[in-house]
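Based on the sequences and whatever the hints tell you, model everything.
Here the protein sequences come in this chain order: W and P.
Basically the working numbering = 1-based index in the first sequence + 23.
Basically the working numbering = 1-based index in the second sequence + 267.
Hints may be right or wrong, so weigh each one.
[Stated by the list, open to error] From chain W, some residues computed to sit far from chain P (all C-beta separations above 12 Å):
{"hint": "1", "residue": "Ala105"}
{"hint": "2", "residue": "Ser246"}
{"hint": "3", "residue": "Ala372"}
[What the hints assert, rightly or not] Cβ pair distances, simulated, as ranges:
{"hint": "4", "chain 1": "P", "residue 1": "Gly524", "chain 2": "W", "residue 2": "Asn308", "range": "50 to 56 Å"}
{"hint": "5", "chain 1": "W", "residue 1": "Ala60", "chain 2": "P", "residue 2": "Ala323", "range": "52 to 58 Å"}
{"hint": "6", "chain 1": "W", "residue 1": "Phe322", "chain 2": "P", "residue 2": "Ser380", "range": "55 to 61 Å"}
If you're looking for bench data, these hints aren't it; they were derived computationally from the structure.
As the structure is a computational prediction, the values presented were derived from the model and not from experiment.
We put the CB at the ideal spot given by N, CA and C, even for glycine.
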Amino acid sequence: MTPNPLWELTLTRLRLFFREPSAVFWTFGFPLALSLALGIAFRNRPPEPVRIGVSGSGASDRLVRGLESADGLRVSHFRDEAEVRKALRTGGVDAAVLVRGAAEEPALPATGVGRRPEHPIEILHDPTRPESRVARALAADAIQRAAGRADAVAVAERAVTEPGSRYIDFLIPGLIGMNVMSSGMWGIGYVVVEMRTRKLLKRLVATPMSRAQFLWSFVLMRSAFLFIELPALLVFGWFAFKVGVAGSLALLVAVALLGALCFSGIGLLVASRAQNTQTVSGIINAVMLPMFIGSGVFFSTARFPDWLQKPLRLLPLTALNDSMRAVMIDGAGIAAVARPAALLAVLAAASFALALRIFRWR
Amino acid sequence: MTQAAILCRGLVKTYDEVTAVDGLDLEVRAGECFGLLGPNGAGKTTTVEILEGLNAPTAGQVEVLGMRWDRDEHALRQRIGVSLQETHLPDKLTVEEVALLFRSFFSRGRDVSEVLDMVGLREKKKSWVEKLSGGQKQRLAVGCALVSDPDLLFLDEPTTGLDPQSRRQLWDVVQGFKAQGRTVLLTTHYMDEAERLCDRVAVIDRGKVIALGTPAELVASIGGQQVIEVGFENGVALEDGELRNLPGVRRVSRAGGGVSLAVDRLHETLPALLGLAQERRAQLSRLATHHATLEDVFVTLTGRQLRE
Ligand SMILES: Nc1ncnc2c1ncn2[C@@H]1O[C@H](COP(=O)(O)OP(=O)(O)O)[C@@H](O)[C@H]1O
Ligand SMILES: [Mg+2]
Numbered sequence: 024m025t026p027n028p029l030w031e032l033t034l035t036r037l038r039l040f041f042r043e044p045s046a047v048f049w050t051f052g053f054p055l056a057l058s059l060a061l062g063i064a065f066r067n068r069p070p071e072p073v074r075i076g077v078s079g080s081g082a083s084d085r086l087v088r089g090l091e092s093a094d095g096l097r098v099s100h101f102r103d104e105a106e107v108r109k110a111l112r113t114g115g116v117d118a119a120v121l122v123r124g125a126a127e128e129p130a131l132p133a134t135g136v137g138r139r140p141e142h143p144i145e146i147l148h149d150p151t152r153p154e155s156r157v158a159r160a161l162a163a164d165a166i167q168r169a170a171g172r173a174d175a176v177a178v179a180e181r182a183v184t185e186p187g188s189r190y191i192d193f194l195i196p197g198l199i200g201m202n203v204m205s206s207g208m209w210g211i212g213y214v215v216v217e218m219r220t221r222k223l224l225k226r227l228v229a230t231p232m233s234r235a236q237f238l239w240s241f242v243l244m245r246s247a248f249l250f251i252e253l254p255a256l257l258v259f260g261w262f263a264f265k266v267g268v269a270g271s272l273a274l275l276v277a278v279a280l281l282g283a284l285c286f287s288g289i290g291l292l293v294a295s296r297a298q299n300t301q302t303v304s305g306i307i308n309a310v311m312l313p314m315f316i317g318s319g320v321f322f323s324t325a326r327f328p329d330w331l332q333k334p335l336r337l338l339p340l341t342a343l344n345d346s347m348r349a350v351m352i353d354g355a356g357i358a359a360v361a362r363p364a365a366l367l368a369v370l371a372a373a374s375f376a377l378a379l380r381i382f383r384w385r
Numbered sequence: 268m269t270q271a272a273i274l275c276r277g278l279v280k281t282y283d284e285v286t287a288v289d290g291l292d293l294e295v296r297a298g299e300c301f302g303l304l305g306p307n308g309a310g311k312t313t314t315v316e317i318l319e320g321l322n323a324p325t326a327g328q329v330e331v332l333g334m335r336w337d338r339d340e341h342a343l344r345q346r347i348g349v350s351l352q353e354t355h356l357p358d359k360l361t362v363e364e365v366a367l368l369f370r371s372f373f374s375r376g377r378d379v380s381e382v383l384d385m386v387g388l389r390e391k392k393k394s395w396v397e398k399l400s401g402g403q404k405q406r407l408a409v410g411c412a413l414v415s416d417p418d419l420l421f422l423d424e425p426t427t428g429l430d431p432q433s434r435r436q437l438w439d440v441v442q443g444f445k446a447q448g449r450t451v452l453l454t455t456h457y458m459d460e461a462e463r464l465c466d467r468v469a470v471i472d473r474g475k476v477i478a479l480g481t482p483a484e485l486v487a488s489i490g491g492q493q494v495i496e497v498g499f500e501n502g503v504a505l506e507d508g509e510l511r512n513l514p515g516v517r518r519v520s521r522a523g524g525g526v527s528l529a530v531d532r533l534h535e536t537l538p539a540l541l542g543l544a545q546e547r548r549a550q551l552s553r554l555a556t557h558h559a560t561l562e563d564v565f566v567t568l569t570g571r572q573l574r575e
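This is the structure we're talking about:
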């Protein structure tokens, strides 16, 4: 009835984690809060109507109704030209329609031009503002239609928004990747060094404890956490933003697990020599910062210049994010993620082997 | 003579500038409680950690339970129990969880509940480590060293910083372990601890053994069962030579600005000492007497106090 050491070591890691409220928050709560905040801030809004201000007592019902019933226009009325100009200037409306007093009958294009010095209807717009240019075009079209102009050719239209093209669709896989990285680095790197400074490592190696099992317990703990972290973000993404997984869920789990292994190895590596927690914090931040920025967590790696693309592809977080996006958004299969997955596996094995060689146990 | 539990010859450990252990020979017999007594920085921890296989000596041979660290590390680790001078066990584990974790590393040993009884932590087994007092933490640390039911127990300053009651509780644990015929090597800078627990003591100073024997032998070696400590106020100190000539004085040593006289009988020496002081118009700033202890042995041998 001797208790199993690997099991006890892993259980210890899990207990210590769940008894530390701040660690639980940073691992589980923080990414959820972050994805909620960013998902709301960058959500795709329904198209905004352009705003048209109308002034002039003589505006006919037909003209006003024509403007009001046109798609994508919102009409507001102003007392005189001065007021509507002010609204245009301050961004209250995108374009203004001025109807002169004499223009009871607007549909007089042929005669109207030559006879009067002023046109009966005038559109004011600011060509430097894109929405003002759109407002001008829509208002002019609505006025002409109200006056009876018909389409010369019938044109079919279809609005399309590609699934997976929203920012939140891009963000959720990136946040999963970031979480796998930072909880591996802090959850292992920092914790191991703390054990070293508290002389707990020395105390443990004074027993017949297997050193490999000690390191494995961290890997097992990280793998176990993945089955909480990953569902948490996936379920949250689905219910809050309808972010789905286009490809195989099993493949997604496998890729994330490789990522967790890789960052466990790197976490052990950064912790292998450091003598105090300040040192290891510095190392962890230095290792993670380039990947936060360059591995496509918050924005695409494609934004960096060409000569940086190759090195960025070699970063483990880039490999993890790319393959998770491929599975979640494009529904990619094994073949498509084989290269980044192989990179993760190689980095995991190499970092473990090196960490075990240079690890300072006292 | 019984088989040696620990044997080391010519042990040396040098760090860049410091020689922490400077040619140390030790022989600890099976079944005895052996003490390394010495001031801070004497090299006790370094010595013990070499014997525990946690630190590599610069030179010298070490044999523990008839085995050697370079050949038999795994077997040795199964049979020794270790409590380091300083270990912070995880705060957020319970006493029972910590003991069970340590128990899991050994292929044989005692039940955790039995060990917690031995160290008097049965009621605390569900408490988190961070809620324990200093003495309870230290007993848990010793408990973790006992889960394997070791043949040899290493304790590095087990009671430093503890209150008197906690110290006595720990002494009981050590004596209970020893009563089962097991071997203990402990370090301390408390002479009362060494006198109380140890069958034999090696007094260590600057990485060397400067005296070795049972506490009684060591105390007897300074000659005289009683010690008189005097201090002089006005600089009119009395010469060592004249003090030595007082009746019943066996030994004169100076430490910390005062003089210690090892004497056979207080009632012979004290009146003579006071008479001499009066004759020389020397004013006494201090006068105290006590039974000779290991502290006096250290003062006599080094001219320094154990704790300074
Ligand atoms: N890792 C180390 N590096 C440098 N010097 C050390 C190291 N460990 C101990 N020492 C020095 O060795 C001497 C003996 O230390 P130690 O064995 O801890 O003494 P003790 O346990 O008797 O107080 C001290 O002068 C200490 O400063
Ligand atoms: Mg020490």
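The hints, checked one at a time:
no.: 1; hint: Ala105; result: holds (72 Å)
no.: 2; hint: Ser246; result: holds (20 Å)
no.: 3; hint: Ala372; result: holds (26 Å)
no.: 4; hint: Gly524(P) - Asn308(W): 50 to 56 Å; result: holds (54 Å)
no.: 5; hint: Ala60(W) - Ala323(P): 52 to 58 Å; result: holds (54 Å)
no.: 6; hint: Phe322(W) - Ser380(P): 55 to 61 Å; result: holds (57 Å)
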